[in-house]
Amino acid sequence: MTKRSKVIEKEEVVIRFSGDSGDGMQLTGTLFSDTAALYGNDISTFPDYPAEIRAPQGTVGGVSGFQVHLGHSEINTPGDFSDVLVAMNPAAIKANAKWIKPGGTIILDKDNFTQKNLEKAGYSRDPIAEENLENYNIIPAPITSMVKESLKDLGLDMKTVTRTKNMFALGMVYWLFDRKLKYTEQYFDKKFGKKPEVAQANKIVLRAGYYYAETIEALTPVIRVSPAPISKGTYRNICGNAATAWGIIAAAEKAGLTVFIGSYPITPATGILEELAARKDMGVKSFQAEDEIAGICTALGASFAGHLGVTSTSGPGLALKSEAIGLAVMTELPLVIIDVQRGGPSTGLPTKTEQADLMQALYGRNGECPVVVIAASTPSDCFHFAFEAARIALEHMTPVLLLTDSYLANGSEPWKIPVMQDLPSIKPPYADTVEIPFMPYKRDKEKLVRKWAIPGTPGLEHRIGGLEKTAKGTVSYIPENHELMVNLRAEKVARVAAGIPDLELFGPESGDLLIAGWGGSYGYLLTAARELQSEGYKVSLANFNYINPMPGNVRDVFSRFRSIVVCELNMGQFANYLRMNYQEFRYEQLNKVQGLPFTVNEIKEKCINILEGN
Amino acid sequence: MTKRSKVIEKEEVVIRFSGDSGDGMQLTGTLFSDTAALYGNDISTFPDYPAEIRAPQGTVGGVSGFQVHLGHSEINTPGDFSDVLVAMNPAAIKANAKWIKPGGTIILDKDNFTQKNLEKAGYSRDPIAEENLENYNIIPAPITSMVKESLKDLGLDMKTVTRTKNMFALGMVYWLFDRKLKYTEQYFDKKFGKKPEVAQANKIVLRAGYYYAETIEALTPVIRVSPAPISKGTYRNICGNAATAWGIIAAAEKAGLTVFIGSYPITPATGILEELAARKDMGVKSFQAEDEIAGICTALGASFAGHLGVTSTSGPGLALKSEAIGLAVMTELPLVIIDVQRGGPSTGLPTKTEQADLMQALYGRNGECPVVVIAASTPSDCFHFAFEAARIALEHMTPVLLLTDSYLANGSEPWKIPVMQDLPSIKPPYADTVEIPFMPYKRDKEKLVRKWAIPGTPGLEHRIGGLEKTAKGTVSYIPENHELMVNLRAEKVARVAAGIPDLELFGPESGDLLIAGWGGSYGYLLTAARELQSEGYKVSLANFNYINPMPGNVRDVFSRFRSIVVCELNMGQFANYLRMNYQEFRYEQLNKVQGLPFTVNEIKEKCINILEGN
Amino acid sequence: MSETTVNQLSAKDFKSDQEVRWCPGCGDHAVLNAVQKALSEIGIPREKIAFISGIGCSSRFPYYMNTYGFHGIHGRASAIASGVKVANPDLSVWQITGDGDALAIGGNHFIHVVRRNIDINIILFNNEIYGLTKGQYSPTSQKGIVTKTSPFGTVEEPFSVGELVIGAKGKFFARTLDSNVSLSAQIYVEAARHKGTSVIEVLQNCVIFNDGIHEVVAGKEIRDERTIILKHGEPMIFGKNNDMGLVLEGLKLKVVKLGENGITEKNILVHNAFESNPGIQYMLANMKYPEYPVALGVIRSVPGATYESDLAAQIEDVKKSTKIKSMDDLLNSGSVWKVE
Amino acid sequence: MSETTVNQLSAKDFKSDQEVRWCPGCGDHAVLNAVQKALSEIGIPREKIAFISGIGCSSRFPYYMNTYGFHGIHGRASAIASGVKVANPDLSVWQITGDGDALAIGGNHFIHVVRRNIDINIILFNNEIYGLTKGQYSPTSQKGIVTKTSPFGTVEEPFSVGELVIGAKGKFFARTLDSNVSLSAQIYVEAARHKGTSVIEVLQNCVIFNDGIHEVVAGKEIRDERTIILKHGEPMIFGKNNDMGLVLEGLKLKVVKLGENGITEKNILVHNAFESNPGIQYMLANMKYPEYPVALGVIRSVPGATYESDLAAQIEDVKKSTKIKSMDDLLNSGSVWKVE
Ligand SMILES: Cc1ncc(C[n+]2csc(CCOP(=O)(O)OP(=O)(O)O)c2C)c(N)n1
Ligand SMILES: Cc1ncc(C[n+]2csc(CCOP(=O)(O)OP(=O)(O)O)c2C)c(N)n1
Ligand code: SF4
Ligand code: SF4
Ligand SMILES: [Mg+2]
Ligand SMILES: [Mg+2]
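Chains as they are written, first to last, in the numbering used here: chain A, 207 to 820; chain B, 207 to 820; chain C, 4 to 343; chain D, 4 to 343.
So that you can see chain A by itself, here it is in the shape it has in the complex:
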């Protein structure tokens, strides 16, 4: 659209949009990401909004942010430090000052840097000076007044006018990264189809921002990120919650079943329920239950009746489901339980991320009560692991607990769309009417799985329940039968291992240090591992997705490294779990419990520390 003097090619760049909760930063970030993805960049995003209630305007508590990491090589995290910060008010500076790369760019709405706003954010005078940002690339733009100016002839009300401020900022950023406005303009046309003046206003302002950036020379150097060399195929952007929901539907289609989700809203898991509720086109039955217990119990009832029963929640809700998970274990029905982890304990930090529900997932029930536990590691592979959770549940007649987290749930990334035909088929072990009288707890020899007899089938009438039973389904208090059944249930879950892939290594087969992690920390761990490898260290990453049972080659992998460091966003739950299962190895730990993902630097520092024997 214009010519520029210098264009720097950068490998990757991190941009953070930050402003008041009402400033529309999430939309701004999303529009930017979409444009970047359509352009062919690999991206990773991280929305970071405040506590569930709107904090007073202009305060740090009310700051809402959206970070986008884009590059032309593979991008695995939304990035630690940002190259560009868009700060709609002083509080946004306050919240993000220490997360800007030295010398980075700050775009700010200088109209908002009033005395009152400075005070609200806790500044006495100039934030730039107070934060020692003088040497940064500061772009103070009178966004508010320019927006008013640009729209003054349209006769719109003030609210509509000021609401477009974010598009001014977006326009500036588009200019900065040399993006096309087309997709965003199309979005306006679609979104405001019935209000053409609003669409028009947004377009005007977007362009005004774009042009404004162009006009003032301060912006150079322009950063340009060329598309990532990614494999051929059809792509879309997807966030973790949607990917989880879709993985479930895909599995149901493969198994020829209907999805039933029984669930109760809870941050950050609600998106799964919302997406499934919207998927009536795919025949999904969504049941917004009165609480989490009803959520899981309706889902279990639906499984009994022959559906794919699913329930989704976050930590406090998982706690409430504990008892019913036990019932699912006893009745050996297929059931997928999704826990989108958030900061705990108790209500904790509801909008922040953490990996501290692992022990609860493994052991949070009375008695010896094993379930399969798996964890997703990126927003898009939530699809794969939700599919896997459903596959294992259906083929092994067992509840499966899928762990994701707030960071995955809300984060998004481009995703190469799978073709359904390429996904494995799913074959539940239906009972055969030739097996009359039907024995509900009779098992096949290989997997120890019982048969699924669907109500409605003549001749297979049977009774199940939470009391201990014999193979015939009769309630039994016989000591030896109980021990037998406890062992069989454990062994059944253990045998799921036969159908899961080996633990994958990112890096050399052996070396000085193995970084072990699980679930959602993957992106940061991988980036750290790659950087360490390129710095010459003999480091590999093993990120676990299958947690119970674990892959068969773990012991072998562990034995090939001099040290092992277990990195997780909790106080060491997975490390302890490894100690229980592979007691012979020594485990170093890197733990963080701040409601935030790791930073790559933290990981690297810890690793180098170990490698250098400190």
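Pairs of lysine to any residue residues, derived as SDA-like cross-links and limited to a Cα-Cα distance of at most 20 Å, are as follows:
1) C:341 with A:278
2) B:397 with C:211
3) B:678 with D:19
4) C:234 with C:195
5) C:146 with C:214
6) A:304 with B:682
7) D:18 with B:645
8) C:51 with A:636
9) D:198 with D:235
10) B:633 with B:650
11) B:365 with B:351
12) A:304 with A:345
13) B:326 with C:23
14) C:51 with A:644
15) C:234 with C:259
16) A:386 with C:340
17) D:137 with D:155
18) B:486 with D:322
19) A:388 with C:339
20) A:365 with A:232
21) D:137 with A:236
22) C:328 with D:154
23) C:198 with C:313
24) D:51 with B:464
25) B:316 with B:346
26) A:438 with C:339
27) B:648 with D:19
28) B:397 with C:212
29) C:18 with A:665
30) A:653 with A:702
31) B:401 with B:364
32) C:341 with A:626
33) B:438 with D:343
34) A:633 with C:330
No lab work stands behind these hints, which were simulated from the structure alone. As the structure is a prediction and not an experimental result, all values here were calculated from the model.
Given chain A, work out where chains B, C and D with the ligands should sit, using these hints.
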């Protein structure tokens, strides 16, 4: 009362009363134990009744048993095999045949050995022959007809008459063990004060049994157990549930507080609620809640209001309380949570014992959510550990989870009554009104404990809740604050260790094998250890009561033994917990999940196996 | 509604091979008989029937039925049953529950299933006690009752089941006596035919822990005098000699004697179970002896949309109009782009 | 009952130092004002007041009150509050809850606290939506509403709060509008003075996720026509010109116009909040626009024994008659023996 030819002095003896659920075996056993205890024997009992519903009369499922172990030396378990079995019907033989010591005595009601009853019990002809009991000391007594006969002149209805059958059997056993009838007769007078004919009938039948036994010579040899040389003091019989309830009340008295119990009935924990509900004389407020969640939440509310809040339950109920335990951890209020473990998972084996809730107790909650966990090891020391649970909760401002089990809850033993003056005082950290403004999460340096400000106190108004907070009590999403608080809560619990005793060793300070156990298996483990020691093995027992945190000397103790075997009634939960905490040792395991306690022999066998290097 | 399919199954065909383990004399036995009798009349094949229960003595029921059965966990029967019915609306779903199971721990699921009007038949065994855990008071125990957890008497007022059901938007409520097998069977048949949640309160005797609690109205000798069996469209007459009746006096019900003060059958209220305004039904459900006879029979039976059929219809609607017919369609919908 | 202690505290004295974080324009702000105003009238000192809540936007309330406060977990406010009040009956206990908190996850504790009649004042913020989790339907959302979890409209009927409260044996029920601060404050004062559980339903506006949902009756212009403020002992008259009234026609309420068809104030029903038979109150609580005006004010206020005082009395009784006065006494009671 009579002269006998031969009197054998035995060190100890095990008697089992067994009959149909309606036969009154629990009462019979209890009356016998009371008499034995009053006589000065040390005893240990184990009631063992069927599933909660009455099974059809005469079937094995409906058999109810009560076992008493008495001796003149210290008795630590209710015994594995019985010397004398009272069998009111064929099903009682069926249920107990393999638990009678070779050559033991069997008293049976031969009137009940009808063809119909034999069939119900699954016998085709003579149980004695079918079970190969011909060489045993069989005493077939026509109990039913003799009872009818003895009472025929009293003009009572048939129901009342047949109900006294058990007293006939008891009379026989009294004769066998040379006991006085006095205490039992006094019991009748008190119990049936308003129905003197019934009291009279019971006395007649008791004596009839006694005399019948005397009359038939078959009974010799008579077994006689002299009193155990136990230390001076006042004694009473107590079962685990009552001891637990009393320990709580005692702690409240020491702290100058009122007990509030919020609870929902559940087998086998209901007895605690029932006992506390009866203790209005001690000012206890008992609240039978609508469910387990309301149980703990009302208790927590009461703690907030300045009471000693307590909630009691069993495994499935503990699962339901998970979320609220998290709230107790976050609000740092004193709260005692009692879990009387039973067979799981799910509804499992509700009337049977197990130790499989350990992991749930430690980790069954979302987030990093540490609580203090302790476990009682005998029926009477439930008093001590309930007291300890309350003391720690109150002095450390933390929820404390007390684990007992079905075996302890229902079992009883003589107990030397403590004197309240000798118990430690309890001093909760009350907030001082000089500390205005009150900071709810400000901690003392030593224990990291926050102060307790009781509503009603002017000037200390404050707000607490489940969201993460700063020391001032302000809700905070600041990453560093969260990590700080997570660490502080963990460290606070860890520092409880400073006030708990070292792990006690039963046996030599070092040796070839350490038997490690926890909670209610103690009696069996101790007996096995003692027997092994007397057989010359270098074996000691370490039974854990403090599980989180653990005593300070564990590592030291473990390091002094060549092997360690962890024995528990689950699949190895404590063994795994030890692996997490003391990874450097190797742990052998003895596990049993049959809804039953260990037998001494099982333990000895396993130990000898290890000792002999198999 | 009133036609029955011809059905070859007899009550006996609904018995399972499990030994019935309730105490001899327990009212549950009679309920089991009545249900089996009713099912033989209703004419739904065994495989299309599912019995779902919570935990309690009564909740053992599914084991004794030769149908599909699910013995759940305490208090959650309504939720499990909701899942079963919504998943497969073709099944005839029966929930078996106790006063503790439904109204103590299960109270929330209970009021919500009633509100949602899911077509489940709920048989609530009200023995006013926790039987299985051996005798603690329940949310329906009379105030002041001495039980194991209330050694000095309770200090809380009980729920009235009918009142709670109507308060939760209930559309079908009936009451019966365990001992009256033929009345019970009739009611179960009506409940099964009603579309929507039907709640049937059974006044059930626990011989062991709360013996005779309903005897004051349910006793064989007196029950005709102290209960009234309501039938839609029929006058509210009761008494051994059918000479007592109910009339409305102002806003209150009143018991009158036919023939006295010139009262004839014409003055007596006629029962309208189908009236959606619950006013009179509410009063009927709440009648207590000795002021009134206790109402039995179907007290309220109002048609209304059911959750599961509305949901199914909504799904059909959406499916008809959508372009997304398969997972591949969904995956490729919206903003996608190609990398070549 | 009607005397107030002289109280030096003003509404402002009940404000805590925490910033109020509700959305600008949220109805919760007005409720906070009304409560603070009411407390300044009631005259209980700050330290004797405890605010207990669950989770939801509304449940943040305790942070803004300079009293004792406990922000609980979702749905459990009734249970926590019950514990607080039973432990210390001297405290004035207020429960703050939302339609989701009280009627979805907390439904069971809610009906049980009402049944037990524990002296707690429950302010139920009914915005017919889950605000905090950003807009899913709740058990009070109107059937058919489109929300994030019901993109094609809900298929379930809502609870009516008053109906459920009465169905659960409720003795005090009132309704108010968030925007009517003076009516609200008055009601809070009455609720505080009532001994037993008081439930006050506030029709509250969520500007973000369910804006204007009550506007059809609560709008400033129209509310006089479409609501009626009930006062015990006063005729049920409403309308801008006070010319509309309620009469009973058969068993139903009917709206009439004064002056028309010869109707005068004498014909109009007089509100009796103290009547224990809930008949008319039930109908009043259930009145819906457009057929009726929506009832505001104290609809039902019936005295009754409270759980906590009966319990306290029972304990006093037992203590008086027992020989066991201390733990040592208890330990040595019953069968004990000495070993010397
Ligand atoms: C989570 C849980 N809490 C408590 C119990 C114990 N429990 C089993 S049944 C029951 C009450 C039974 O009463 P009711 O529902 O009236 O059935 P009834 O036995 O009287 O038929 C209780 C408290 C349990 N099994 N599970
Ligand atoms: C156990 C649990 N489940 C779910 C949630 C999520 N959650 C928090 S508040 C809420 C509903 C809020 O609605 P309401 O009670 O009506 O309050 P409002 O925000 O509308 O004032 C939900 C579902 C939670 N915090 N905890
Ligand atoms: S305890 Fe009562 S309810 Fe339970 S089976 Fe026996 S009589 Fe029936
Ligand atoms: S989301 Fe709604 S209820 Fe919550 S604070 Fe905002 S306006 Fe109020
Ligand atoms: Mg009952
Ligand atoms: Mg709401």
